[in-house]
Each structure stands twice: as C-alpha cells, then as structure tokens.
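Given the sequences, and given the hints that come with them, work out the whole structure.
Protein chains in written order, with this note's numbering: chain U, 318 to 625; chain H, 4 to 352.
Do not rely on the hints blindly, as some may be mistaken.
Taking lysine-lysine and the DSS-like style, the derived pairs with C-alpha atoms no more than 30 Å apart in a straight line are [stated by the list, open to error]: (1) U:K618 <-> H:K50; (2) U:K527 <-> H:K70; (3) U:K530 <-> H:K70; (4) U:K337 <-> U:K620.
Between beta-carbon pairs, the in silico distance windows are [stated by the list, open to error]: (5) H:A137 <-> U:F387: 52 to 62 Å; (6) U:G421 <-> H:L62: 28 to 38 Å; (7) H:A286 <-> U:L390: 51 to 61 Å.
Simulated from the structure, these hints should not be mistaken for lab results.
Backbone N, C-alpha and C define an ideal beta-carbon position, used for all residues, glycine too.
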Amino acid sequence: MSRPASSHAANLKLRAYAAKRQRQLLTPEGLVLPITVASRSSRAGALLLDLIIIIVGLITFFAVLGVIGFGILGSEGLGRAVGNPVIELIQVLLVMLLFLSRYGYFLYFELGPRAATPGKRLMGIRVAARPVAGETGGRLTAEMVIARNLVRDVEVFIPAFFLLGGGQDAGVAGIAAFVWLMVFVLFPCFNKDSLRAGDLVAGTWVVEAKHAKLQSALSLAPDRRTEYRFGTAELSVYGEHELQVLEGVLRQDNPEALREVADAICRKIGWQLGAGDEREFLETFYAALRGHLESGMRFGKRKADKFA
Amino acid sequence: MALSFFKSPEIAPPPDIEAASLRSDRFRLEREVDWQRLEGIITALEKGRPGRISDEDLLDLPVLYRKATSSLAVARETSLDAATLDYLEALARRAWFQVYGPRITLSGWLRRFLGGGWSAAVRSIWLDICIALAVMVAGTAVGWLLVARDSEWFYALVPGGMSGGRTPGADPSALRESLAPQADAEGLSTFAAYLFSNNSGVAIMAFALGFAFGIPTLLLLVYNMAVLGAMMWVFVDAGLGYEFGAWLAVHGTTELGAILLAGAAGLHVGRTMAFPGNRAIMAAMRDAGVRAAQVMAGCTLMLVIAGLLEGYARQLVGQAEARLAIGVIMLVFWICYFALLRAPAERET
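Encoded structure:
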C-alpha cells in the first residue's frame, strides 16, 4: 500500500494511457461492448515474438535436416547427391518453406478461431474487424486477414532486409529509401487507434483479448451486521473508486494490506478496531458500502469517488 | 472450475443463493451457471474443437449468448462488483468474436474463390487493370526506345548479374544459345520454386506499395517493364525477335498477367485513398482493400503456374511455335476465366 511516489505517478500515467485506448463497439443486439485497443508496445512485442518463433523454427529445422543429411550420406556423399530427385524435392520444399514462413505463418494463425498468431496470443491481443463510424461491429473475413498480411511485407520484411543489407549507407538514394520505409514502420505511432498501414487497408484493428476468471461472490461471508453497524454518515465518506480498491484488497487477501486499509478506514470514520479482526471488519464494511452505493444506483444516484 | 482436459468440465453449482446479503450478488449467483456454460462452449470454439460441444449446448448457444449480454447490461446498472463486471465483459467480448466470427471454412472459401469470387473481384477493378496495362506497355516502350537510341542505357537499366551475357552487340549465336531448352529436367523443380518465390515477392511488393496513393506501384511497373523492353531490343537487334517472343510467351502471359493484376490491385487501393468518392475514406478503403486482397490471393496462384511453366515447359519445349502455342493458350484461358465466370451467389460469409 505504501508505494514510492514515482511508482504511483507511473501507475497513474499507465492508467491514463489505458483509458485513452478504450473504445466502444456496438453489437447488433444493441449492446455496447467496451474494447481496448492493444498498446503499441504489446503489438511490437507480439511481432518480435513471432519473428523469433519463425527464425528459431527455421534454424532448428535446417539444423535437423543438415544432421540427417550428413548421417545418411556422409560429407562426400552430399557433393555427389546433386541432381538426385529426392534431394531436388527437398530443395523445392525448402524454397516453399521459406516462402510460407514469410507469408503463410501470419495468415494461417490469424485465420484461425482466435484470430491471433502465437506472439499475439502470448501478449493477449487479437485481430478484429474495425467498425467504421456509425456501423455496428462486423465480421472479420478471410479477405481482411489476407489484405493486412500482404501489406506487412513493406512494413516489416522489406525494411528488415534493407537494414540487414546495409541499404541505408548507399548515399542519398539510400537515405531516401530509409525515410520512405520508416514512414511505414512508424505509421502506427501517428494515429489514435495505432493502426498500421495494413490495418488501414484491410479495415481491421488489433484489440486486447484478455480472459477473466469468475471470482467468488464477496457477500457470502456470515452476516455480521449486528456486530458492526454502519450509519449512513459513515458509508457516505467513500465512492465507487474506493469500493473497487477495497474489493481488490479483499481478493488479494494480504494481511499487511488488510491491516493498513482497515486502519485508514477506521481513522476516517472515527472507529477503534481490535487487532486480528481486520478481515471481518473489511468484509462487512465492503458489503455495507456496496449495498449503500448500489441502492443509490437504483435511484440513479452514483458517486464516483470520495471527492464526488 | 474444473480443468480443461476433462471432456465435459463440471460446473460447480452456486452456493446458497439466499446466503448472499447483497441483491446484486444474488443476481449474479442465479445466473453464473449459464455464464459458465457459455464460457465452456466459447473455449471449445476458440480451441477449434467444436466437436466437443454437446448438441444440447449448441442448441442453447444463442440463448446463452443473449442471456450473458443482457446480464452484462443489467449488471452495469445495478452492480458494483468490479470482478464480475470484468468477467462478464470479457465473456461477452469473447462470445461476440465467436458468434460473429468468420462463418466460412478455409476450404469453403477456396471453392467460392475459385468458382467465381476471384473473377468477379478482377472484373470489379477493370479500370485499374486498364491503367496498369497502359503503364506496363509504356514502360516497355520506354526501355526499348532508350536502348535503341543509346545502347549504354542498357547497362543502366539491367542489373549486371541479370543480363548474363545478353547485352547489346552480343554474338547472335550466344543469344540463341541462351534461349535454348536444357537437355534434361535436372534441377528444374528447384528453379521453378525459386522463380515462384521471387516473382511473388515482386507482385506482393507491387500491391503493398499501392498504399502510398499508388505512385510507387506505377514506378515499380515502369521499371520492371523497361528492363523487359531493353532486353527485347537486344534480341530483336540480333534478328531473334520471334524466338525471344516465343521464349517469353510460355510463362510470360501468366507471369506478366499476375504482375498486371498485382499492380492494378495496388493501384486500386491507392486510387481509393486519393479519391474515396462519396463515402467515408475509412469505409471506402476497407472495401477496396478487401477487393484487392482477393485479386492478390489469386495472383499467388497464377505465379505458381507461371513458375511451373517457366521451370518446366520453357526448358523442355524447344520449338518456337510450340512455345508460342502454350503461351497463347494460357492467355486465352486467363481471359476467358476472368471475363466469363459468373460471380457465386451472394451468401453471408
């Protein structure tokens, strides 16, 4: 609970960034679903993971193939084997494999039911159809996935080969090409949905796809309303934000944090609490506060936080 | 919750609902079994194992989905339990992605695509195809004229490694040699695969560069065709025009067709960006991008065929007449395929 101030400020900044990425999606049922656009860092991380998977996969595959080749033929046998139909078939398969790893990997995974490559899955993000202003959210179609992945070529692979080939050293033309390619690479940094050029062309975006587990209900604890009685004045000091913080503390169940929070609440409402019954006190206070705020809600009165 | 490797995970019955002191918790406990049933179905769908879903669950899926979405709507107005709201939002989102996910399988999509979807997409970008064709012809003419005026231009246009001795003023017999087929099929499949991978790269680049208003695509087309024009001049100058034409036609009608379509697809996207018409630019671009992507998916297929023709047919068939015949047959086939095949019946995909 007693975090250093700098970490608290960073936390606030993170939360502000998360709030900026919130979008609303109107489903055909008329329900507004909150959607969070994936952060640029998680997308870059996902791409990096995918590239690592592809490269490590290819290297392993070639190493295994090489070992098998040596094992069967021996070192001088390989030289004589040129023109052997089996070797030729393997060569064809290798060229196709390189092609597929560049274009097929992303297509195959994004066309699956999760619409995410392994890298994206690890970062908890997925591809989705981006609703155009005034429309409800649509389906993600195969054509969209194909379009966004074809454009990936100028955004990822060509700049990478260009840099690896030392293209930026080639005088004015090299610099011009470098600037031109950087426009594509940095495109996601200059729009609010962090769309890359491929997303723009295909009508897609990348959103967070977090899974949440159903937590236990909190008001199932034995009723202690007779032991702790909270009046309206005591319940009116806090709002929904404080309630959620309290919920988080109760779910984490860290004795130290429970003690601190219980002390803070008691100072605020002027109570004295014996040692050892913090959890009971907090559970009862939580249930009472939530009941108080929810009954206000039913009458259309909401209290966002203690300052409201 | 039960572990996922059990065939049908048991859903724990809710604890005593009446024990909950809060009204919003009772609301949640009454419905959580349905939510968890939906979650089980969605998880199976996400894992690509719809076979694991029982018939009963499948029949209830639409009802369960609506129940979960309406629970979310109610909970937002009555409950302050952040964990439950988070769970419901994540569940509704996952369910939405599955219920409104792609309804067509990859094989179904392919059948539809080859049975008319591709032709229809190609026909719908006819204007861009005309522009790209004009640019390609102009590029060839430029290459030809430049080299005809001053043969030094040849070295500026054609990269050194690519010419392979086929330079202006080269011995006609050496040029004729370079057009001759190889003695046997050794190594040809590797060559064909390499050609496919290389040409697809060029075609995909032509498409992807269309994003910048189509201008880089046009430059790429002009440059590539200028190389061809320059090469053409060299052979015609040596009196081998007919043989060169036949040599090129075998695969060229398919390969240049694919590059034409790729360039046109790129141009289509770029042109829509510049002139979206009456619609919002985002909506216009999405439609153009989806149409262009269909054309591009077909281009890859054309390039596979071109690679095979280039790797096998050209290297095995020697006579100029036979080569020309193959090229013309392919050209007629593509034109008929794109012009005549009707679009498949409109279906929700």
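Checklist line | Violated hints, by number in ascending order, as checked against the structure | finding: Number 1 only.
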